[in-house]
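Asker: Letter by letter, the chains look like this.
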Amino acid sequence: MTGVVIVGGGPAAHRLAARLVQYGHPGEVTVVGAEPRPAYHRALLGSVLDGTLDADRLSLPALPAEVRQLTGVRVSAVDRARRTVRTGDGRELPYDVLVLATGARPRVPPVPGLETGPGRLAEGVRAVRTAADCRPLSEGPVVVLGGGIRGVETAWALSRTGQEVALVHPAGHLMERHLDAAGAAVPAAWLAGRGVTLHLGRRAAEYTPGKVVLDDGQVLAAGTVLLCTGTVAETASARASGLEVRGGVVVDALLRTGDPRVHAIGDCAEHAGAVGSTVLQAWEQAEALARILTGRERPYAPGRRVLRPRTPGKDMVVLPPAGPDRPGDTDGTVSLLDRAGGRHARLVLRGGRIHAGAVIGSPSAVAAVSRLYLRDEPVPADLLALLTGADGEYAGDGTLPDEAVVCHCNNVTGKALKDAWHSGAHDEAALARATRATTGCGSCTSVVRRLCTTLAGAGDDTPAEGATP
Amino acid sequence: MTTRTLVVAGHGMVGHRLVEEMLTHDRHGRWRVVVLGEEPRAAYDRVALSSLLDGATPDDLALAGPDVLGDGRLRLSPGTRVTGVDRRARTVTCDDGTETGYDALVLATGSRPFVPPVPGHDLPGCFVYRTVEDVAAIRAAAVPGREAVVVGGGLLGLEAANGLRLLGMRPRVVEMAPWLMAQQIDEGGGRVLAGAVERLGVGVHCSSALHAVGAGPDGRADRVELADGTVLDAALVVFAAGVRPRDELAAPLGLERGERGGFLVDGWCRTADEYIWAIGECAAVEGRCHGLVVPGLRMAETVARQLVGEGGQPFAGADGSAKLKLLGVEVAGFGDAHARAPGAIEYVREDRRAGTYAKVVLAADGRTLLGGVLAGDTRAYPVLRGLTGRELTASPDELLAGTTGEGPPRAR
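Taken in sequence, the protein lines are chains A and B. Numbering follows the working numbering, in which position 273 of the first sequence is assigned residue number 273; successive positions increment by one, without gaps. Take any residue in the second sequence, count from 1 to its spot, add 469: that is its number in the working numbering.
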């Protein structure tokens with residue numbers, strides 16, 4: 001019998017416990033969660049905050065009865081030598097396998113006044129991390145600190161109901177980890193359109209209840225300050241027990257720490273140099289570890305994931321780089337910018353497939369591009385149609401229509417050249433004498449040459465309509 | 470039928486196109502054409518001026534062949550500048566004292582290089598880049614192995630820099646705009662262009678304003694000072710910072726000028742005086758001057774059609790399409806290259822590894838081509854330029870591949 005103790009009460013712990021039971025794990029499974037309630041769907045908290053979702057609708061399905069669940073219980077120490085976990089309420093839990101799924105806590109930016117003590121947020125300041133953060137907002141404007149995905153989602157959600165919102169972001173444009181300036185202009189316009197005031201390239205310099213002072217001296221009224229400034233992996237117990245910690249608890253392809261009996265998954269774990277940040281990734285790791293622990297041993301390889309920021313009514317997808325970025329190893333980029341239409345797309349291609357990118361503002365393009373990226377399928381030849389959702393039908397065969405000007409220096413149309421051909425000018429030099437085409441800057445020579453080839457190949461010497469014989 | 474006299478003031482590329490059009494289309498010999506050109510030689514291909522530093526001779530650039538020069542209807546007087554016009558008597562006076570009567574007068578006086586009025590701009594060692602004589606003077610003054618500065622990073626400035634390079638100098642280009650050829654191409658194209666130009670050994674200083682030209686002990690220009698305090702050694706300075714219309718006859722003639730200079734003319738290139746037209750860089754067509762040759766050629770054609778009684782079309786305006794081809798550097802901008810049209814959609818393909826950048830600007834319908842920028846690979850330029858203002862005939866990706874412009878037609 002192998003006893004598994006899972007530390008953490010979030011979605012990663014929840015999924016792992018459920019799968020262990022499902023896969024017939026023979027030993028006891030214990031989940032130790034610090035929050036007072038069982039695991040819930042953290043990613044939907046924004047919808048609770050803006051009132052579109054009730055807090056009790058966040059709950060994840062109840063775990064099977066076989067799982068022993070401790071809620072509101074903190075782990076105070078891990079004794080790896082004795083293979084026990086000590087809890088804040090004085091219990092000692094033995095384990096054969098320990099899984100750290102401690103998640104992450106909000107990063108509090110170093111702004112004077114935000115904290116009244118270590119980890120204690122000042123009055124009016126909150127993160128959007130736990131269900132407790134979703135209690136009704138105080139009266140007055142909301143200041144969102146941070147313009148990454150979470151900040152954009154939060155500002156978008158709050159502004160729906162007419163709440164006065166200001167967003168402060170130190171980078172020059174929103175979501176700079178995922179979007180270029182041109183792309184970020186689109187969600188910026190969405191937010192501005194709902195009345196959100198954007199303070200880009202600005203930092204909060206000071207907070208006192210009721211107001212935020214920016215680094216340029218501007219003062220923003222703030223009934224509530226929402227921290228959307230990223231997260232920090234919860235690694236205290238791992239660190240204290242001597243496990244390797246970098247950005248998160250370092251794990252290998254079997255999601256193992258340096259101690260083969262201790263694993264880590266979800267937002268607290270660092271795998272292949274990357275710390276997780278999405279619930280999908282946490283679930284993926286939970287699934288993988290459940291298989292590993294139940295003898296279906298298979299190394300964990302992160303799958304392709306798209307990021308779909310929650311901006312209801314507006315479509316956006318971010319495609320993180322699939323694999324490491326090797327400079328000079330891509331086929332280049334293709335991008336679309338439609339300011340008036342609120343559309344943007346940028347794809348980095350590698351080997352004719354999508355390596356990374358983002359698509360904003362076009363539901364059909366978001367769907368089509370996501371599908372190609374997730375399946376790692378080759379992109380079509382007509383990338384414009386892919387990015388605009390157009391039908392890809394074009395009126396012609398790629399050549400110039402007869403009435404188009406071929407030689408701009410001398411104002412010679414394709415029709416004039418064809419007429420000259422049918423009047424006996426059967427090579428470039430003769431066409432140049434007859435029409436002056438190619439005798440200016442010479443740019444059109446390639447087109448005239450192609451016309452010669454086409455007409456000669458057609459073997460067609462009948463006069464074009466309206467030609468002078 | 471009496472023969473009428475057309476006097477053309479100026480024999481540049483545009484004045485010459487007017488001459489050619491008149492000789493070709495005046496089938497009944499109703500016009501005699503008198504051309505009074507200030508330059509000491511007949512019209513030549515000014516666009517190809519730089520080829521003089523790459524082995525060409527002025528004769529190679531000459532536009533008028535023996536058939537034109539020998540035409541009995543044409544009298545050409547190079548080295549003759551028009552100094553005055555009597556609009557009532559319909560005569561022009563020249564600097565050699567001669568007087569010529571006209572039934573139609575076409576001003577094709579072109580433009581002069583703009584030299585920023587900074588201290589030292591007129592020192593020995595400072596040059597402009599417009600005429601065969603300017604190029605000869607630069608060639609004579611060039612010091613191989615020494616630095617030179619070209620003020621202006623547009624089409625002409627880059628041509629001049631390449632010319633200096635061919636003369637063995639080490640040129641640097643100083644440009645006020647944030648990137649090279651900013652009128653014709655966008656930032657992405659400018660990035661590719663700057664990289665390629667630098668690989669040729671030409672230094673690039675963008676977003677840089679000229680502060681002064683400094684003199685050495687011999688009183689000749691030996692350095693250029695920028696507004697940010699940078700000092701660049703320069704044994705030679707070439708100004709290629711744009712042009713200003715040659716419209717000094719406007720005041721004595723009592724003709725109106727455009728807001729930014731140039732003889733004010735209507736869409737038919739006619740001034741307020743029904744006997745006087747203006748074409749090319751000296752003309753402000755409905756108030757707007759055009760600094761490239763192709764619009765000037767269209768103006769010449771418009772006026773010729775009127776004079777020979779064919780009616781024709783008014784000048785339809787012209788885009789700023791331009792292509793630069795210097796050893797290994799190819800860039801082009803055409804149509805609405807900066808996507809200024811309301812609702813314009815920009816579609817960009819960039820491959821930094823290959824050093825190529827291509828932008829296609831489409832109308833809000835996503836089908837009509839408005840313009841674009843090509844850098845590093847301009848094979849698609851002729852077809853895309855021809856399609857500008859029209860519906861795409863294939864996907865931009867296919868058009869940009871450039872395969873629709875040359876070679877045998879695609880199998881379909």
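Don't take each hint at face value.
What follows is a set of in silico ranges between Cβ atoms, one per label pair, in the way DEER data are often shown [to be verified]:
1. A/A274 - B/R757: 53 to 63 Å
2. A/G119 - B/A678: 20 to 30 Å
3. B/W737 - A/G351: 51 to 61 Å
4. B/G698 - A/P110: 30 to 40 Å
5. B/R544 - A/S423: 30 to 40 Å
6. A/G323 - B/R757: 32 to 42 Å
Going by beta-carbon spacing under 10 Å, a handful of chain B positions derived as facing chain A [as the list claims (entries may be wrong)]:
7. D565
8. H590
9. G760
10. V763
11. R767
12. K792
13. L795
14. A801
15. G812
16. A813
17. V817
18. R818
19. P851
20. R854
21. T862
22. P865
Think of the hints as simulated: they come from the structure by calculation, not from any bench. Note that CB positions come from ideal geometry on N, CA and C, so glycine has one too.
Asker: Can you give the numbers of the hints that this structure goes against, from lowest to highest?
Answerer: 2, 6, 7, 8, 9 and 13
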